[in-house]
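Below are the chains, spelled out letter by letter.
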Amino acid sequence: MRFHIEVKHPERCIGCYSCVYACSRHLFDTVDPTRVAVFVRVNKSLENPFSVTACRFCTKPECALACPQGALEVLPEGGVTLTPSKCEGCKNYDCIIACKLAALILDRRTKVPVICDRCGDCAKFCPHDVFRYEEMKT
Amino acid sequence: MSSKLKRVLHVDLTKKESKAADRPELFDTYLGGASVAAKLLEEECPPKVDPFSPEAPIIFAIGPFIALLPSMTKTVSMFKSPLTGNLGESHCGGHLGTALRLAGIGALVFKGAADDPTVVLIEDSDVRIELASSLWGMSPLHVEKTLRHTDQDGIESVTSIGIAGENGVYYSGLITDRYHHFGRLGLGAIMGAKRLKAIRVHGTGDIAIQRPTEFKSFFEEIHHRVVQTEEMRKYHDLGTPLNVMMLNEMRSLPTKNFTRSTFEKAEGISGEHFLETLLERKITCPGCPVACIHLGGLRRAFSPEHELGRKEVFEEVELVPYNYEPIFALGSNLEVGDAPSVLSLIGQCERLGMDAIMTGSVLAWLTEAYEKDLVSREELDGLEPRWGDARTYLQIIERIAYVKNSLFKRLALGTWAAAQKYGGEDFAVSLGKNSPAGYATGYGFVIGTLVGARHSHLSNMGYSIDQKATTSTMSLEQIVENIAQQEDWLYVLYSLVGCYFARGVYDEETVLKALDLIGLPKTAGELRQLGNETFQRLYKFKVTEGFGLLREEIPKRLTEIETPFGKLDPNRLREMLQHYVKIRERQGLKLRREDEALAELLSPRGA
Chain A
5 MRFHIEVKHP ERCIGCYSCV YACSRHLFDT VDPTRVAVFV RVNKSLENPF SVTACRFCTK
65 PECALACPQG ALEVLPEGGV TLTPSKCEGC KNYDCIIACK LAALILDRRT KVPVICDRCG
125 DCAKFCPHDV FRYEEMKT
Chain B
7 MSSKLKRVLH VDLTKKESKA ADRPELFDTY LGGASVAAKL LEEECPPKVD PFSPEAPIIF
67 AIGPFIALLP SMTKTVSMFK SPLTGNLGES HCGGHLGTAL RLAGIGALVF KGAADDPTVV
127 LIEDSDVRIE LASSLWGMSP LHVEKTLRHT DQDGIESVTS IGIAGENGVY YSGLITDRYH
187 HFGRLGLGAI MGAKRLKAIR VHGTGDIAIQ RPTEFKSFFE EIHHRVVQTE EMRKYHDLGT
247 PLNVMMLNEM RSLPTKNFTR STFEKAEGIS GEHFLETLLE RKITCPGCPV ACIHLGGLRR
307 AFSPEHELGR KEVFEEVELV PYNYEPIFAL GSNLEVGDAP SVLSLIGQCE RLGMDAIMTG
367 SVLAWLTEAY EKDLVSREEL DGLEPRWGDA RTYLQIIERI AYVKNSLFKR LALGTWAAAQ
427 KYGGEDFAVS LGKNSPAGYA TGYGFVIGTL VGARHSHLSN MGYSIDQKAT TSTMSLEQIV
487 ENIAQQEDWL YVLYSLVGCY FARGVYDEET VLKALDLIGL PKTAGELRQL GNETFQRLYK
547 FKVTEGFGLL REEIPKRLTE IETPFGKLDP NRLREMLQHY VKIRERQGLK LRREDEALAE
607 LLSPRGA
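Chains as they are written, first to last, in the numbering used here: chain A, 5 to 142; chain B, 7 to 613.
Read the hints as simulated data drawn from the structure, not as lab findings.
Even glycine gets a Cβ: it sits at the ideal position worked out from N, Cα and C.
Don't take every hint at face value.
Simulated DEER-style distance windows between Cβ atoms [stated by the list, open to error]:
1) 55/A / 592/B: 52 to 60 Å
2) 52/A / 9/B: 27 to 35 Å
3) 52/A / 401/B: 26 to 34 Å
4) 532/B / 121/A: 38 to 46 Å
5) 383/B / 12/A: 55 to 63 Å
6) 14/A / 20/B: 39 to 47 Å
7) 432/B / 12/A: 57 to 65 Å
Take the sequences, apply the hints, and build the full model.
Now the structure itself:
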C-alpha cells in the first residue's frame with residue numbers, strides 16, 4: 005500500500021522523532037536518524053520549533069533533473085524511483101545538493117540516496133498530526 | 007553498530023584523558039540505567055569520600071530500550087550528594103540518552119577535577135576535553151544555544167550547570183537540552199566543583215533491530231497504548247499540573263509550608279489555568295510520543311524605556327517549562343496564587359540552574375523563620391520574605407545562587423541545614439535531608455519518601471499508594487509492604503530506563519517480552535531479583551556513608567497538616583518504619599549501622 009504524504013503542520017511537531025524512527029525501521033530494520041527519508045531538525049536551540057521535512061513528490065524533481073546518470077526516474081504521480089546500478093560510481097551527489105528542501109540524503113552504507121517509498125509509516129506513527137496522508141488509488 | 011549496550015566511557019578531568027571500556031557482561035547482567043549506575047558507583051566511589059573531591063565520581067547510564075521503544079528515553083545519574091552527604095540519584099529526559107546511545111555509549115563516568123572551566127565534547131567515538139572559560143557564568147539556557155550545532159545528522163544533546171552549580175549550591179542541578187533536568191540532590195554543585203560546565207554529546211550511529219517483523223508489531227502495540235489509550239492521556243493533555251486541582255479537592259495540596267492541605271487560590275495555578283492562559287508549546291524526549299513537557303510563555307517588558315505604555319506590544323516571551331512539582335513548591339507552598347508569578351519563579355530557577363522543589367522548600371522555611379524572628383532583615387540583605395510575594399522571592403533566589411552573605415550561604419545548603427543553624431527544625435520540611443514533593447496524601451507519602459533510596463516521591467509511589475488506601479481497606483502495614491514492592495519494581499523500570507510516567511504501560515509481562523525481542527531474555531524471577539539487588543546495593547552504600555533509617559527524624563510539621571487520613575500519628579509513623587525495617591531485614595538487607603543497637607528499633611521515639 006502506498007500513500008500520498010504531505011508535511012502539512014510542521015508547527016505541531018513535539019520532537020518525538022517517531023516518524024524518523026519509523027522510517028528507518030521500515031527501510032532498513034534499524035533505528036538510525038541518518039538513514040531516513042523524513043527529517044526532524046533542531047533549529048539551533050530547542051527553544052525554537054522543529055523543522056520537519058520530507059519529499060514533496062515534485063512532478064519536475066530537482067533531484068532527478070540534476071542527476072547526470074539518469075538514475076532517478078520521475079514517476080507519473082510525482083516523486084522519483086532510484087535505479088541503484090545507474091547511481092554507482094557518481095561521487096558528485098548532485099541530487100542531494102539540488103533538493104532545495106534537503107529532503108534527500110545519502111545512505112552512508114550504500115552510498116546511494118535514500119528514497120521515500122510512500123509506506124506512510126511516518127504519518128501513521130506521528131502522534132500530533134504533523135502529516136496529512138491518504139491511500140493512493142492504484 | 008551492536009544492538010546491545012556495552013561501552014563505558016571514562017573521562018578523567020584532571021588528566022584530560024578519556025578511555026572507553028567495553029563491558030557487555032555489565033549490561034547483560036544489570037541491563038542499564040540505575041542498576042548499572044549502582045554497580046559503577048560501587049566500583050568508582052571511595053567510601054566516605056568528600057562529594058566535592060576529585061575522587062568523587064559522576065555516573066550517567068542509559069537503558070537497553072532507548073530509541074527502540076516508546077517512552078524509554080531517560081538517563082540515570084548517580085553521585086555522592088552534597089545535600090544529603092549520601093547517595094545522589096537523579097533522572098533526566100531530553101536528547102542526552104539517545105545521543106549517548108547513538109554514540110555507542112552505555113555509561114559515562116567522570117572523575118577528577120579540572121583547574122579551569124571545562125567542556126566535554128563527545129562526537130561518536132571522539133572525545134575532546136576543552137577549556138571553556140567563555141561559558142563560565144553563563145545561564146544553561148544560553149549554553150544550550152551556544153554549543154548546539156545547526157542541522158546535524160543524528161541526535162545531539164547539551165547539558166550544563168548554571169551559576170548555582172558553579173557556586174556550589176547544594177541543590178543546584180543540570181539542565182539538559184533546555185527543558186529537562188537532573189534536578190535533585192545537587193549534581194550541579196558536583197559538576198561545578200569539577201569545573202565541568204557542560205557536556206555535549208552527538209551520536210550518529212544506529213541500532214540494529216533483531217527479529218524485525220515481531221519487533222515492529224510489538225512496537226505498534228506499545229505505541230498504541232502510549233498514544234491512544236487512557237494510560238498516559240493525562241500527561242499529554244494538561245500534563246502533571248492536573249494534580250493541582252485534584253490534590254486540592256482531596257485535601258492533599260501542601261500549602262504555606264505544609265501548614266494546610268488546601269489552597270484557596272488553587273484555581274489560579276491549576277493545570278487548566280496554565281493551559282488556557284500561558285501554554286505556548288509542548289515538547290517531548292526523542293522516542294516518546296507523549297509530550298509531557300509543557301512550555302508556558304513568561305512575558306516581560308524589554309525595558310522600561312521601551313514599554314511606551316504599551317507593554318503588550320513591547321515584550322519578550324521566554325518559554326519556561328512547568329509541571330506539577332515546581333507549581334506546588336513555588337506556588338501553593340509559598341501561597342503564590344497566580345500562574346505568571348509562579349512561572350517567573352520557575353524561570354528564575356531555570357536560569358540559575360537550581361532544583362525548584364528544594365528552592366521552594368527553603369523559601370517556605372525562610373518565610374516562616376522570618377515571621378518567627380529567627381532571621382533578621384539585616385541578615386536578609388534588607389529583603390522581607392512574605393507569603394505570596396513573588397517579587398521578593400525572585401530576589402532571594404538570586405542571592406542564594408550567588409551566595410551573597412552568610413545567611414544566603416546557609417540557605418544554599420538546603421532547608422535541613424538552614425534549620426540546624428537558625429532553628430525552626432519543627433517546620434523545616436525535609437525527609438532524609440531532601441525536600442519532599444507536593445503530596446500531603448498521608449502515611450505512604452511520608453514513609454515512602456523517607457525510606458526511598460533517593461528520598462523522592464518517585465522512589466516508590468507512596469503518594470499513589472495513599473490514594474488507593476483511602477478508598478479501600480488497605481492497612482498501614484499493607485501500605486508499607488506495597489512501598490517495598492514498588493521500589494524494587496521501579497528499580498527494574500529505572501534500569502531499563504523507562505519514563506516513570508510510562509510505568510502503567512511497561513508491566514512485567516510487557517518488559518519480559520521486550521527484553522526477549524532485543525536478545526536479552528530474562529525470567530520474571532530474575533527481573534524481580536535485579537530490582538531488589540539494586541535497591542540493596544544502594545542501601546549498602548547509604549549505610550556505609552552514615553545513613554541510619556531509624557535515626558531519621560520526621561519533622562513535626564508533617565504530623566500537623568491535615569491529610570485524607572487526618573493528622574498523621576507520630577507513633578503510627580514510627581511503627582510503619584519499624585515494619586519496613588523488618589520486611590527489608592527479612593530480605594537480608596542491613597538497614598542500620600553497626601553502632602545502632604537493636605533497642606533503638608524497639609523503643610518508639612517521638613517522630
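Check the structure against each numbered hint from earlier and tell me which ones fail, lowest number first. none
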